[in-house]
Amino acid sequence: MQTGHEIHDAVVRRERSAEEATKAALEAIGRVEPSLHAYITLLPERALAKARDVDARIGRGEQVGALAGVPTAVKDIFCLKGELTTCGSKILANFKPPFSSTVVERLDAADAIIVGKTNMDEFAMGSSCENSAFFPTHNPWDLEGVPGGSSGGSASTVGARSVPYGLGTDTGGSIREPASFCNIVGVKPTYGRVSRYGMIAFASSLDQAGPMTADVRDAADLLEAIAGFDPMDSTSVDVPVPHYASALRDDLKGVKVGIVGEFEESIAVDPKMAKLYKDAYADLGALGASFVDVSLPHAKYGLATYYLIAPAECSSNLARYDGTRYGARVDGAADVYAMFDKTRTAGFGAEVKRRIILGTYALCSGYYDAYYVRAQKVRTLMKQDFDAAFAACDVIACPAVSCAPFELGAKSQDPVAMYLMDYFTIPMSLAGIPALSVPAGYVDALPVGLQLCAPAFEEARMLSVAHAYEQSSRHAAKREPVVS
Amino acid sequence: MSAPAKAPSGAAVDMEPVIGLEVHVELSTQSKMFCGCRNEFGAPPNTHVCPVCLGMPGTLPVINRRAVEFLCKAGFALECAVAPFSKFDRKNYFYPDMPKNYQISQYDMPLTTGGRVALASGKTVRLNRIHLEEDTGKNIHAGGHMTASEATLIDYNRAGVPLMEIVSEPDIASPEQAEEYLMALRDVLLYIGVSDVKMHEGSLRCDANVSIRPAGTTELGTKTEIKNMNSFKSVVAALEFEIDRQRACVASGERIVQETRGWDEVRGMTYSMRSKEQAHDYRYFPDPDLPPLSLDEATLARWRGELPELPAQRRERFVTQFGLPEYDAGVLTQSRADADYFEEAAAASGDPKQASNWLMGDVRKSLEAHGLTLSTTKMTPVALGELIAMVRAGAITGKAAKEVCEALVAGGGDPKAIVAERGLAQVSDEGAIAAIVDKVIAAQGESVAAYKAGKTKALDFIVGQVMRESRGRANVDVVKRLLAERLG
Amino acid sequence: MAEVPIDIAYISRLARISLTDEESARFSAQFERLFDFIRELQQLDVGKVHPTAQVIPLSNVMRDDALKPCLTQDEALANAPDREGPYFKAPRILE
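Protein chains in written order, with the numbering used here: chain F, 1 to 484; chain W, 1 to 488; chain Z, 1 to 95.
If we strip away everything but chain F, and leave its shape as in the complex, we get (with noise of 0.2 Å):
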């Protein structure tokens, strides 16, 4: 399959037809979803009108948009007016947004052919799509394993070559940790990079939307078309959008990588992931990278800090979830509390059940200061973290996972062994910084991401680091995927 790239190349050279590109997409998405389950809500129509119609512009010489033409999974954490949008819930199974977000207006401005909606842990709770209330995703390259979550169906239809791009949101690695788990790149951006409006709140100060894509090229030129101030989201930061895909370089002389002491230590407790990443910082080595040992003394604390703090927020933001206004309602109870508590008891599934619990106990009065506000103290500290490490390199790299993909059930039993998952990926989402996983090898045949990460506002420089590191060890496609 073509990168998102070349097919866009193609379309506007009329080469190809987005239509033509769209059905092949189609086409490729039906001949694994008996496998992968990746998909919540198809939109073939919606798809085919979009594509033929930018094929009309095109035949009249009009301008089209930069991702003209290119077939693209949205996860259902999006709205998309007028078609469900589950958010992996069935407490949401019949909605239907009067509105679309922000990103997805911006992807049909820049005539991405939107195929369809992925399946998602429910409320972007989990790191496996073992949580969607409808069903389970599969990894394409293991059908027993997990996709990784919550971005498991993006990351999955991604990852089985059947579209180049992808739309996943990380709030502690719901983007980055899929995206290893199924041998693509996925990029978080800064907080405030890209507009939250549209995309339904899971922790307000840590959700991003972000690139899942085959390559760095392609989530360069998504991350562009999305990214930028959006007035109806008061944390957007109105800071002018790079040319990404003019940043990408071959070479890494003169960079400075750090390397994270406390990050290596750990993964060194399973000696073919810690080979995996010695072998991979050794490629940026001889693409020219010199590296400075960097430490974030505090980001043993970031589960903590995250698990306090993630649902605290989200402990708010689901309780419009209650049947009066949208969404599921569960019908004859005697009054309207009664009829809150039966709806949200059946509506949510037990790992959002527990995050509402936890989150509310954390707001509780006698309790707010000595967990919410100690949370957000920690917070600052790793921020501070960052900002120590960054003064003495230019990027950091580290593992994206401590494992490859697990076997679906494996996990799914134990929560805090699931939390677990994020460990290397949420101290930078508490700080803010942007981050990415690039496919980097395989353990027992299954992928594994590098992780890179930059200061705020700086994805250009690590996206950079990222295209040179995949050009030169063209990990991704070594292997072909169990199902395509």
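Hints are computed from structural coordinates only; laboratory data are not their basis. Heads up, some of the hints might be wrong.
Calculated cross-link-like contacts (lysine to aspartate or glutamate; reagent style EDC-like; alpha-carbon spacing at most 16 Å) [said to hold, decoys possible]: (1) F/300 with Z/40; (2) F/81 with Z/74; (3) F/342 with F/331; (4) F/300 with Z/36; (5) F/81 with Z/75; (6) F/411 with F/351; (7) F/96 with Z/75; (8) F/377 with Z/40; (9) Z/89 with F/335; (10) F/81 with F/62; (11) Z/68 with W/40; (12) Z/89 with W/150; (13) W/138 with Z/45; (14) Z/89 with F/331; (15) F/300 with Z/45; (16) W/227 with W/165; (17) F/96 with Z/45; (18) F/377 with Z/45; (19) Z/89 with W/97; (20) W/138 with W/40; (21) Z/48 with F/369.
Which residues of chain Z face chain W? A partial, calculated answer using Cβ under 10 Å [stated by the list, open to error]: (22) 23; (23) 54; (24) 81; (25) 82.
Quick reminder that beta carbons are idealized off the backbone N, C-alpha and C, glycines included.
Following the hints, complete the assembly by docking chains W and Z onto the known chain F.
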């Protein structure tokens, strides 16, 4: 009114009321607090709503700058201090009229602190704070009263309307003072134009905190919160009832329970809403969707400069600049419109004192007689001013002017035209007046003789006769001078 | 501060969610494991540290008081689980 309570020792103790009021005011911005829906009372249900104010998934709030401006202006008018740093917090609780099941409000860092309200009687009530929040939707209890209804019908038009919450210190000492406070607050807010403060439309709402304590002491007693008062009169009635109820409690040795009580207008009593208070842990935390506010001096100075001159300052100026008596200045500055009217008339007439006299006297009588006000009469301030100027210049007599004024109040128009139409121009022409004077002298021989014999009152009669003869149009000063010349 | 077990019954009432006894017990045990990590936070000296209010500091983000197109009544009510005429409908409120 003050019923002595009995302290445990049996001795009667005078228990004085201590009242604090929390007043919610809907700001008259064009759009809502956090979205661009129209802020308008009385529209068909659910027609001024959008994904944001309906709390749809993925939506986010954006602060309306005009609401912040209005609150700051209210703060300036009420002598509050604008906080250098302020933020929004989420107040979390479930209720059907709450689209997000949390209300965006301000908890520990309100936009303004301190402040004071000057009551008409001269007393000052201190303010504690003013903060911004969003209003809720409206629940309608289908089938009548809440406890008997079959369903709840909800209209979210009001959800998201900007609300200013004004919290007073417990400085209010009686139900009457509470009413005065509400009226004074309403006047200021109307004056600066930030709200239409109509209690019957819900743009002004009031909750009260009431306690009693032995007269003259300073420690606060247990307070109850009173809700559901829908008019100024209800506030007075509810407070009266509650104060008596608390006094009776203490007198019979009962403890006053800290609770929320509702005012039942129909039965004229407060009732316990204790069950409403089950564990309302609001779990306040800073709203992560809204960056904080740190307003710069330039913006605050600009807003302060845009404030109309406030009633108290204008009153002062009317006294010092125009030399008006305090009382007159007070009456004229009761409403911004009236004060504006006066100033325009004063300028057009060239005589502020006269303008004031006319407005307080003949104009007011005329208005009342016709059931009009300065805002509804067709008489423009410039017309009044010209009329006054005409009297000063001697173009008409005072008496004629009253007639013209009456005509202006009733139907508007141009004073010069009315004078011409009705032939009311004062005659100052000596020759014409002399003719009439001579005629009257000739006709009133007895009075002339009486005057010459020393009866000064006879002169008044003769002057009156000249005025009558001239149908009130003769310039009375000229008349008197001519008579003096002829009669000595 | 002294560790207090989460009163799950009380919290779930606040959150308007009902848990079965089994769920309650399971959550309790799971929280205990999580609290092993959370307890470590209590040992950090954060006395002089300010809590992160905004991870990317912004302030004074406001919009003009301008009207924007809103939903029609039918659009607003299209997703309503129950409606009566122009109103959203829910069961009665029992205080």
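Hint numbers contradicted by this structure:
10, 13, 17, 22 and 24
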